[in-house]
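**Q** Listed below, chain by chain, are the residues.
Number of protein chains: 2
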Amino acid sequence: MEVELKDMIEDLESLRQSLPDPSLHSSIDKLRLRVENLTNMAKSVPVRRSKVKDMSAEVVDSNPYSRLMALQRMGIVKNYERIREFSVAIVGVGGVGSVAAEMLTRCGIGRLLLYDYDKVELANMNRLFFRPEQVGMTKTDAAVQTLSDINPDVVLESYTLNITTVQGFDTFMSSLRNKSFCPSKEGTGVDLVLSCVDNYEARMAVNQACNELNQTWMESGVSEDAVSGHIQLLIPWRNCLFCLCTSFVCVFIVYIDSLNHTSFVVASGVDERTLKRGSLCRIFTYYNDNFITKKYTQHAIGGVVAGLLVQNTLKFLLNFGYVSPYLGYNSLKDYFPTMAMKPNPQCSNAACLERQEEYTLAKPARDAAAKAKMEAEALSATECQLHADNEWNISIVDDSEQDRMDGTSAGILVFYFAGIPF
Amino acid sequence: MEVELKDMIEDLESLRQSLPDPSLHSSIDKLRLRVENLTNMAKSVPVRRSKVKDMSAEVVDSNPYSRLMALQRMGIVKNYERIREFSVAIVGVGGVGSVAAEMLTRCGIGRLLLYDYDKVELANMNRLFFRPEQVGMTKTDAAVQTLSDINPDVVLESYTLNITTVQGFDTFMSSLRNKSFCPSKEGTGVDLVLSCVDNYEARMAVNQACNELNQTWMESGVSEDAVSGHIQLLIPWRNCLFCLCTSFVCVFIVYIDSLNHTSFVVASGVDERTLKRGSLCRIFTYYNDNFITKKYTQHAIGGVVAGLLVQNTLKFLLNFGYVSPYLGYNSLKDYFPTMAMKPNPQCSNAACLERQEEYTLAKPARDAAAKAKMEAEALSATECQLHADNEWNISIVDDSEQDRMDGTSAGILVFYFAGIPF
Numbered sequence: 001m002e003v004e005l006k007d008m009i010e011d012l013e014s015l016r017q018s019l020p021d022p023s024l025h026s027s028i029d030k031l032r033l034r035v036e037n038l039t040n041m042a043k044s045v046p047v048r049r050s051k052v053k054d055m056s057a058e059v060v061d062s063n064p065y066s067r068l069m070a071l072q073r074m075g076i077v078k079n080y081e082r083i084r085e086f087s088v089a090i091v092g093v094g095g096v097g098s099v100a101a102e103m104l105t106r107c108g109i110g111r112l113l114l115y116d117y118d119k120v121e122l123a124n125m126n127r128l129f130f131r132p133e134q135v136g137m138t139k140t141d142a143a144v145q146t147l148s149d150i151n152p153d154v155v156l157e158s159y160t161l162n163i164t165t166v167q168g169f170d171t172f173m174s175s176l177r178n179k180s181f182c183p184s185k186e187g188t189g190v191d192l193v194l195s196c197v198d199n200y201e202a203r204m205a206v207n208q209a210c211n212e213l214n215q216t217w218m219e220s221g222v223s224e225d226a227v228s229g230h231i232q233l234l235i236p237w238r239n240c241l242f243c244l245c246t247s248f249v250c251v252f253i254v255y256i257d258s259l260n261h262t263s264f265v266v267a268s269g270v271d272e273r274t275l276k277r278g279s280l281c282r283i284f285t286y287y288n289d290n291f292i293t294k295k296y297t298q299h300a301i302g303g304v305v306a307g308l309l310v311q312n313t314l315k316f317l318l319n320f321g322y323v324s325p326y327l328g329y330n331s332l333k334d335y336f337p338t339m340a341m342k343p344n345p346q347c348s349n350a351a352c353l354e355r356q357e358e359y360t361l362a363k364p365a366r367d368a369a370a371k372a373k374m375e376a377e378a379l380s381a382t383e384c385q386l387h388a389d390n391e392w393n394i395s396i397v398d399d400s401e402q403d404r405m406d407g408t409s410a411g412i413l414v415f416y417f418a419g420i421p422f
Numbered sequence: 001m002e003v004e005l006k007d008m009i010e011d012l013e014s015l016r017q018s019l020p021d022p023s024l025h026s027s028i029d030k031l032r033l034r035v036e037n038l039t040n041m042a043k044s045v046p047v048r049r050s051k052v053k054d055m056s057a058e059v060v061d062s063n064p065y066s067r068l069m070a071l072q073r074m075g076i077v078k079n080y081e082r083i084r085e086f087s088v089a090i091v092g093v094g095g096v097g098s099v100a101a102e103m104l105t106r107c108g109i110g111r112l113l114l115y116d117y118d119k120v121e122l123a124n125m126n127r128l129f130f131r132p133e134q135v136g137m138t139k140t141d142a143a144v145q146t147l148s149d150i151n152p153d154v155v156l157e158s159y160t161l162n163i164t165t166v167q168g169f170d171t172f173m174s175s176l177r178n179k180s181f182c183p184s185k186e187g188t189g190v191d192l193v194l195s196c197v198d199n200y201e202a203r204m205a206v207n208q209a210c211n212e213l214n215q216t217w218m219e220s221g222v223s224e225d226a227v228s229g230h231i232q233l234l235i236p237w238r239n240c241l242f243c244l245c246t247s248f249v250c251v252f253i254v255y256i257d258s259l260n261h262t263s264f265v266v267a268s269g270v271d272e273r274t275l276k277r278g279s280l281c282r283i284f285t286y287y288n289d290n291f292i293t294k295k296y297t298q299h300a301i302g303g304v305v306a307g308l309l310v311q312n313t314l315k316f317l318l319n320f321g322y323v324s325p326y327l328g329y330n331s332l333k334d335y336f337p338t339m340a341m342k343p344n345p346q347c348s349n350a351a352c353l354e355r356q357e358e359y360t361l362a363k364p365a366r367d368a369a370a371k372a373k374m375e376a377e378a379l380s381a382t383e384c385q386l387h388a389d390n391e392w393n394i395s396i397v398d399d400s401e402q403d404r405m406d407g408t409s410a411g412i413l414v415f416y417f418a419g420i421p422f
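Order-wise, the sequence lines are chains Y and D. Residue 1 is where the first sequence starts when you use full-length UniProt numbering, and the numbers rise one by one after that. Residue 1 is where the second sequence starts when you use full-length UniProt numbering, and the numbers rise one by one after that.
Check before you lean on any hint, since a few could be wrong.
Computed beta-carbon distance windows for the label pairs [stated by the list, open to error]:
1. D:V3 - Y:S18: 49 to 55 Å
2. D:Q72 - Y:K51: 45 to 51 Å
3. D:A362 - Y:M74: 45 to 51 Å
4. Y:G136 - D:K51: 16 to 22 Å
5. Y:V52 - D:D29: 35 to 41 Å
6. D:R16 - Y:D7: 18 to 24 Å
7. Y:N214 - D:V3: 55 to 61 Å
8. D:K30 - Y:G75: 58 to 64 Å
9. D:K333 - Y:N214: 54 to 60 Å
10. D:S62 - Y:P183: 44 to 50 Å
11. Y:N214 - D:V52: 18 to 24 Å
12. Y:G136 - D:K179: 48 to 54 Å
13. Y:E357 - D:V52: 55 to 61 Å
14. Y:N319 - D:N178: 50 to 56 Å
Cross-link-like lysine-lysine pairs, in silico, BS3-like; alpha carbons within 30 Å at most [stated by the list, open to error]:
15. Y:K6 - D:K51
16. D:K6 - D:K30
17. Y:K333 - D:K185
18. D:K371 - D:K179
19. D:K78 - Y:K333
20. Y:K333 - D:K373
21. Y:K333 - D:K363
22. Y:K363 - D:K333
23. Y:K119 - D:K342
24. Y:K185 - D:K333
25. Y:K78 - D:K333
26. D:K333 - Y:K373
27. Y:K333 - D:K371
28. D:K51 - D:K30
29. Y:K30 - D:K30
30. D:K6 - Y:K30
31. Y:K342 - D:K333
Please keep in mind that the hints were generated in silico from the structure rather than gathered at the bench. Every residue gets a Cβ at the ideal spot worked out from N, C-alpha and C, and that includes glycine.
Can you make the complete structure from the sequences, with help from the hints?
**A** Printed below as a string of structure tokens:
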């Protein structure tokens, strides 16, 4: 804006010189004064920071990444710069999704894919992120506006669509498959999908897409009364939301399962209120009373859930700490339940069963690789052994990876389905 | 800005008509095009929402309070509108304080008092709230700019000062005493002080002020390595940070205790680095490893801690749920330790001992009032009794209030000092 105003001053000056009649100069002066006023006003208009080519750890006030890179210096993260290689898809840019998007943007994530079909309303001002002047914009457009101002280094892709429609679901699937950002990446084009939606249908659409694409994702939610929330890690071979339903109690799932994913999406015209509170949803309510909706999400709860979600996202992507399989938050009691799910071999979802089968088939190869790794480590340990006479034959077993993402640590309740642990 | 631009179009048109030579019209066209471009750009300049006189529960998209008032409809909060009567002081507008301020602003808090002496830097962009275009502004000015745009109904008071200087501390004390916002309020002029600072001296200054004013406050912090944080409720008669130090281990406290509060503040010229990491701080480090500093606060952790802090603030102010005496967050393990402190009758702080004595002296009157309340309730229970033959003499005891703010519930570790429970 300031460049445009500066050019106008020059244009006015050249016009002044072209004017034959000096009596017209006062009009030019008046216009010039207006441009000068506008220049002063424009100073309050946001100026975007320029892009930063390489992440630097230099500790100077002008470095937006200095304090994040400090995580590396302090030994928490091995290679923080890797953050720029990752793509994260956020489905639902509401009370949790928008805040998670802002956190990941400030964190310098490589690429964010944002999905929402809703518009910003004044009634959303109870929650963080959106501002009153964005009322009427689509949430995706408003988010891109704010996020690109905060960090122009992040590649933002905005999808203003409803993933529970046939067309929306197809676009969702193809956007997840698109590998142009990082062609060498294995699997899909994204590293993680974060579900931050407020209804069953959208959750099930994310679940279906991730099962089909073998895509790891995280679920999140805040209860309708805004006093509790949860996050959950879902790995297709290990579990999915459909796994939660055993055939004898889950009529709702029969309705979904009797259709393939496209039809299920089409079938979403069913009155959502009956799904939310009806008796068919008992199993969901039993499993997790936060699973209902989050229409009334309140700022503080949304902030906590988004923070827990993003912190677990960072741990997952940058390979540090323990990634919670499930973490709840009851704000009335400041109680944080954890639990883990085992896959349900009788899951009603075909794609989930396919992923389970692939995992089982690959087990011998995986075990062999793990054994080879252990042997190599044991050999290396023998070479630099402290006690040559290892009479008890003690060897080092690397179980940290299993512990990081599996809920089998002490104190965590493991759910078995149909009595069959997997 | 848009009015100015519209006037410019008119000026250009009248200039065009005054021009004798039509060859100059192209210059006018060029200028007009520039003005039109500027008009489009100006549309992205923030427009503030107007004030809302009364909080309404009406469920319409244009009501910024509809979803907060829903908390009342759902029975979580008895009278949400009371939020407008409360004043909260936030000391430190950094990674936690700024987010807490935004949450309370969106929540419609009556009045916020903000204290900070620092300026916004690009290096702060790892955390939520501040935007790159605010670099160079004081944090208090930048916060007031953003918060008043989000919710013009909140009364904002900005104090750009360092509370650990003599003058800063005096202004801090007098601002807390000022009751002009709600003259009928008992005690000080604020309902709660939130400490969101990143150093010992400021924490001790808040502690000292609150002890002297008998002001309930909450402490918060994030560890230097940005992987853990905590919040804590401090009620002067019950405990203070000085209470944590027993005389035989805490040389640091002797340094503070041998001076009155003003001198202690003056004495803050001591190199802070020695306080942060020196051996004198062992007792603090032992008590709480988050107590060091939060210079490297990262967005997600700051968001979680701010969310927990604000949720506990809302529970405290609006009288619902359980207010945690201490709640920690270890993000590497998703572990949330809780504990409670008992007051230390050998506390090294004179103001703390005065508050403890007042509390002890008022005990007989408090017990008598509690007994009268119980008797009244027992009488009322007898009047509508179900079992006239109460042979075991069972009576109803109201312990909910004690449970709400005291850490004596099951599962919470209670700390005793010098072996003497209070």
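**Q** Work down the list of hints and note, for each, if the structure agrees.
**A** Verification of the supplied hints:
{"no.": "1", "hint": "D:V3 - Y:S18: 49 to 55 Å", "verdict": "violated, 29 Å"}
{"no.": "2", "hint": "D:Q72 - Y:K51: 45 to 51 Å", "verdict": "holds, 46 Å"}
{"no.": "3", "hint": "D:A362 - Y:M74: 45 to 51 Å", "verdict": "holds, 48 Å"}
{"no.": "4", "hint": "Y:G136 - D:K51: 16 to 22 Å", "verdict": "holds, 20 Å"}
{"no.": "5", "hint": "Y:V52 - D:D29: 35 to 41 Å", "verdict": "holds, 40 Å"}
{"no.": "6", "hint": "D:R16 - Y:D7: 18 to 24 Å", "verdict": "holds, 19 Å"}
{"no.": "7", "hint": "Y:N214 - D:V3: 55 to 61 Å", "verdict": "holds, 57 Å"}
{"no.": "8", "hint": "D:K30 - Y:G75: 58 to 64 Å", "verdict": "holds, 59 Å"}
{"no.": "9", "hint": "D:K333 - Y:N214: 54 to 60 Å", "verdict": "violated, 28 Å"}
{"no.": "10", "hint": "D:S62 - Y:P183: 44 to 50 Å", "verdict": "holds, 46 Å"}
{"no.": "11", "hint": "Y:N214 - D:V52: 18 to 24 Å", "verdict": "violated, 49 Å"}
{"no.": "12", "hint": "Y:G136 - D:K179: 48 to 54 Å", "verdict": "violated, 41 Å"}
{"no.": "13", "hint": "Y:E357 - D:V52: 55 to 61 Å", "verdict": "holds, 57 Å"}
{"no.": "14", "hint": "Y:N319 - D:N178: 50 to 56 Å", "verdict": "holds, 51 Å"}
{"no.": "15", "hint": "Y:K6 - D:K51", "verdict": "violated, 36 Å"}
{"no.": "16", "hint": "D:K6 - D:K30", "verdict": "holds, 16 Å"}
{"no.": "17", "hint": "Y:K333 - D:K185", "verdict": "holds, 28 Å"}
{"no.": "18", "hint": "D:K371 - D:K179", "verdict": "violated, 33 Å"}
{"no.": "19", "hint": "D:K78 - Y:K333", "verdict": "holds, 18 Å"}
{"no.": "20", "hint": "Y:K333 - D:K373", "verdict": "holds, 26 Å"}
{"no.": "21", "hint": "Y:K333 - D:K363", "verdict": "holds, 28 Å"}
{"no.": "22", "hint": "Y:K363 - D:K333", "verdict": "holds, 28 Å"}
{"no.": "23", "hint": "Y:K119 - D:K342", "verdict": "violated, 50 Å"}
{"no.": "24", "hint": "Y:K185 - D:K333", "verdict": "holds, 29 Å"}
{"no.": "25", "hint": "Y:K78 - D:K333", "verdict": "holds, 18 Å"}
{"no.": "26", "hint": "D:K333 - Y:K373", "verdict": "holds, 26 Å"}
{"no.": "27", "hint": "Y:K333 - D:K371", "verdict": "holds, 28 Å"}
{"no.": "28", "hint": "D:K51 - D:K30", "verdict": "violated, 40 Å"}
{"no.": "29", "hint": "Y:K30 - D:K30", "verdict": "holds, 18 Å"}
{"no.": "30", "hint": "D:K6 - Y:K30", "verdict": "holds, 14 Å"}
{"no.": "31", "hint": "Y:K342 - D:K333", "verdict": "holds, 20 Å"}
When held up to the earlier numbered hints, the structure conflicts with 1, 9, 11, 12, 15, 18, 23, 28 and fits the remainder.
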